[in-house]
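**Student:** Take the sequences, apply the hints, and build the full model.
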Amino acid sequence: MYTQQRHAMKPPGATLVRTVLALALLCGPCAPFSPAGLGQRAASTRTRLRGIQEWRDADFPPPAAAPRGIRPGATSEALPRRVGVFPFDLSDVRVTGETKDLHLYEPRFLTLFDDVMESYCGVVAMGLIAPSGILRTAPLCQVDAFTRMGAGPNDGIFVTLRVVGRCTITEVVDGGIDAPPYLVAGCVESADVGTMAEEDAKKAELAADAVENGFLELGRLEAALAALAPADKKGAAAPTDTNGEFRAAVAAAARAAEHTGFVVRDGDGDAQERRSVADLTALSWAAFGTSRALAGDKLMALDSFDLLERLRMAQGVLGERRKEAAAKLALAKLQSDDQTEDENLFPQ
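Note that numbering that gives the first Met the number 0 numbers the sequence shown so that position 21 is 20, with each residue one more than the last.
Take the hints with a grain of salt, since some may be wrong.
Below are the SDA-like pairs computed for lysine to any residue, each with C-alpha atoms no more than 20 Å apart in a straight line [unchecked claim]:
1. K327 to A223
2. K327 to L227
3. K202 to R291
4. K201 to V276
5. K322 to V276
If you're looking for bench data, these hints aren't it; they were derived computationally from the structure.
**Tutor:** Here it is in structure tokens:
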């Protein structure tokens with residue numbers, strides 16, 4: 000059996016917070032290298048260290064009202080905390096381990112960045128804006144790196160955010176008439192929850208094996224397809240090392256997921272010969288953290304709070320990609336064979 004190492008709350012699916020449409024009205028989604036909204040100043044930490052751990056230790060005012068979805072008697076870790084919110088288009092979604100680069104240059108966003116670093120320990124939520132509002136489930140990020148370039152119109156601050164977890168947005172803090180033109184929200188950290196029976200643990204390991212083998216096979220298919228490219232197109236764009244990119248995503252997700260906690264295995268005899276749940280969790284995110292992953296698939300994974308379910312999602316998505324690559328390779332081989340036959344019949 001697995002037991003829960005840290006408390007985590009399961010949010011109510013992909014329900015939209017319709018009461019926070021003001022977020023989309025105040026500031027639109029971020030472009031790939033442009034900023035948008037955060038929120039009101041909260042209590043500062045006394046340490047100069049910044050990150051998800053410091054944010055957890057910071058003192059924030061209690062929520063204005065009891066948020067929905069919080070179980071009675073929940074531990075302090077499940078109580079709402081304040082976080083800044085950057086609004087993003089759904090196509091910009093990121094999962095655990097991935098990064099997002101921003102270029103902040105408007106005065107309000109430069110002020111916002113300082114507020115995030117000072118009041119929120121460098122932690123922000125990626126508010127994903129849909130036509131009806133903002134998704135309740137949001138990637139939770141920390142500032143991984145930043146560079147101040149100056150005060151010119153093309154300068155500003157270049158920021159790299161790294162996704163280190165997830166949260167559920169429970170409320171938007173109302174700062175009144177004097178509130179700044181960016182937003183802050185109350186949120187609850189979320190992670191995979193529940194216990195996993197031994198039978199499901201074995202299924203999760205089999206699914207993880209299938210995902211790893213799937214990326215190996217996909218890399219082989221794409222390499223063979225690149226080798227059949229016409230001579231005039233070879234070298235125009237180097238083919239992606241699909242499996243290498245996946246392994247790098249696994250390592251990045253493992254580093255980021257160290258902050259979120261895992262369900263752990265009881266001390267059975269063969270535990271040393273099996274994958275740890277931390278490894279399975281990192282692999283489940285990495286499958287959606289490559290450059291070829293679609294935004295819709297990432298959103299589906301983001302809203303999954305069951306490890307086995309997410310691994311099976313990855314297995315299914317990867318299977319479709321392999322089928323597509325195999326079909327392209329078969330067509331490319333037919334075209335190559337036809338061209339070779341024509342050259343033999345009509346030599347130049």
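**Student:** List in ascending order the numbers of the hints, as given earlier, that are violated by the structure.
**Tutor:** 3, 5
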